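**Student:** Listed below, chain by chain, are the residues.
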Amino acid sequence: MSDLLKVSSSPHVRAKDDTSRIMLYVILALMPTYVFGVINFGLRALLLVGVCIISCVLSEFLFEKAVGKKSTVGDLSAVVTGLLLALNLPHTLPIWQAVIGSVFAIVVVKMLFGGLGQNFMNPALGGRVFLLISFATTMTNFEFDGVAGPTPLAALKTGETVNTLDMLIGRTGGTIGETSALCILVGAIFLILVGVIDLVIPGVYIVSFAIFIILFGGHGFDTGYLVAHLCGGGLMLGAFFMATDYVTSPITPLGKVIFGICLGVLTGLFRIFGNSAEGVSYAIIFSNLLVPLIERVTVPRAFGVVKEKKVREVKANE
Amino acid sequence: MNRNIERLYNGLWKENPTFVLMLGMCPTLAVTTSAINGIGMGLSTTVVLVLSNMMISALRNLIPDRVRMPAFIVVVASFVTMVQFLMQGFLPTLYEALGIYIPLIVVNCIILGRAESYASKNPVIPSMFDGIGMGLGFTVGLTFIGVVREILGAGSAFNVAIPALDNYHIALFGLAPGAFIVLGFLVAVMNVIRRKMEEKGKPLPAVQGCLAGDCAGCSLSTACTGKSLTHHVDELPPVNPAEVAKPTANEMEVKQTANAKNSEDVEKSGSDSSYADDDIVGKEDK
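Chains A and B are the protein sequences, given in the same order.
So in our numbering, spot 84 of the first sequence is number 84, and the numbers just go up one at a time.
So in our numbering, spot 227 of the second sequence is number 227, and the numbers just go up one at a time.
FYI, nobody ran anything at the bench for these hints, they're computed from the structure.
Please note that the accuracy of each hint is not assured.
Straight-line distance between alpha carbons at most 30 Å, and here's what the computed DSBU-like set of lysine-lysine pairs gives [said to hold, decoys possible]:
no. : chain 1 : residue 1 : chain 2 : residue 2
1   : B       : Lys200    : A       : Lys69
2   : A       : Lys157    : B       : Lys200
3   : A       : Lys69     : A       : Lys6
4   : B       : Lys196    : A       : Lys69
5   : B       : Lys14     : B       : Lys200
6   : A       : Lys157    : A       : Lys70
7   : A       : Lys70     : B       : Lys200
Calculated from the model, a selection of chain A residues having no Cβ within reach of chain B, i.e. all distances over 12 Å [claimed, not checked]:
no. : residue
8   : Leu112
9   : Tyr225
10  : Ile294
As the structure is a computational prediction, the values presented were derived from the model and not from experiment.
Beta carbons: idealized from backbone N, C-alpha and C, even for Gly.
Based on the sequences and whatever the hints tell you, model everything.
**Tutor:** Structure below.
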């Protein structure tokens, strides 16, 4: 009886999702990529991932201890940052550099701006770009099967042909987590099915990037070239796991589309017209910085609000 | 506190141009790739600052108020040219390293700021100490940033390699983003120290003047007529700016204001804008 008449204020329906649960899904979705990376590059990759995760979690814990804040290590976001950062590193990177990158990602990019939800760019990518600028040699030293060689994208840039099937499966050189488009897609489909990410940003990103390549790539509608560009480098990993970061992507529907186009065009620009073969990290970071502006101009109209009519400007000669 | 020592303290700590006033950011961020560069830039700025402060202070009654900016620039530029030639002759490596930032000392806002807000209203000796204090504050700031960036970015300090850091160079700190990051961290450290000092019951004297800061950092400083609100107001009774602007105000009060040497000065500085208006009207009539 009393239960029947109980009146409480809203919200009446609560989802079970919370930050740590979503982060757990992301970690699960990254598992195929991670396992493949370890198979592909050996135990050194396993070690590097461990180091990144531990130093990310530890630096978040210590920073919050130092400034007297409540510890947020339990939300697993630092684990995701560490994992994503490690997947974006070549497996030959010296350990101390990985540690510095992790500390930079957590302390400078994330915690100094107020922690999870306040960071202005993706922490993992911030850490990666920091490492890329600081240690250009070790960060672009890609070994595969014990042989140092160019990544498929670098080979593509110099005009060589690449084996697209190898690139799809991931039997190529590159960073630990970027090589296998197939494994990333498996994780991405899982994330879409459990509703953690939606397809808008990655979809628009990849489609606009493909259009850019067809228009400006210099190869026309060459399927092999296109597939190589789509599977090569960090595009898949970036599109599904880093461009979709809740904190640093727009929440408005139109904003997501603009954000995706921005990413696609920038990545294409960097890859085709830039000096380096890869440009996904810079494209995502740059677009992250545009998110507040994008959101400001794409605020949707509230239901029932009549759109204000623009006052026509009277021209002087009329 | 002795006025001259107070000036030194003010420049080095209370209103440190780098960490508190955030003035002269362009050389601060650009040349501090090494400690030696930081010291070199800081000291050459100090030399120019001290000399120009003294010169402007000595000429303060001769320079008409309405052309003071060009006059200051001429004085500063002369000293900068001298410093530039001396450095080119005797310190060619440092000259090469600092490059364009030597001639750019002319437009360094610390120097113009001190000329405008202090030297043009105060006697020569305090102006000299003000220049020394501000210049050393700038030097210390630049050297700190330079040392940190050099250790992290190049694994050396004052051009002496640190063997332990031989293989541990972080190139980012030698580049522009590193300068911003190091500056941010040093300002944060400085703020923590200040807060600790305040908690210990040694509150720093509040910065006086309009708004929260010094006239030098104020965008209204050229148009502002409340010029009595300089930093050493503690020596003076509070003066109502409106009264200062009028030459008819109490003779004693006018004498006490920092900038007003005589009633003529007050009249000029108090009615800048009306003069300008008259000029425009006159031109239109013609």
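**Student:** Now look at each hint and say whether the structure bears it out.
**Tutor:** For each hint, the structure was consulted:
Pair hint Lys200 of chain B plus Lys69 of chain A holds up; C-alpha atoms about 23 Å apart against a cutoff of 30 Å. Pair hint Lys157 of chain A plus Lys200 of chain B does not hold up; C-alpha atoms about 62 Å apart against a cutoff of 30 Å. The suggested pairing of Lys69 of chain A with Lys6 of chain A is violated, with an alpha-carbon distance near 38 Å, which exceeds 30 Å. Of the supplied pair hints, the one linking Lys196 of chain B and Lys69 of chain A holds, its CA atoms being roughly 19 Å apart against a limit of 30 Å.
Of the supplied pair hints, the one linking Lys14 of chain B and Lys200 of chain B holds, its CA atoms being roughly 17 Å apart against a limit of 30 Å. Under the criterion of a C-alpha separation no larger than 30 Å, the hint pairing Lys157 of chain A with Lys70 of chain A is inconsistent with the structure, at around 48 Å. This hinted pair checks out: Lys70 of chain A and Lys200 of chain B have alpha carbons roughly 26 Å apart, not beyond 30 Å. For Leu112 of chain A, the non-interface assignment is contradicted: its Cβ lies about 8 Å from the closest Cβ of chain B, within the 12 Å cut-off.
Its beta-carbon lying about 34 Å from the closest one in chain B, Tyr225 of chain A satisfies the requirement of being farther than 12 Å from that chain. Against chain B, the non-interface label of Ile294 of chain A holds: every CB pair exceeds 12 Å, the least being about 24 Å.
Of the numbered hints given earlier, the model fails hints 2, 3, 6 and 8; all others are met.
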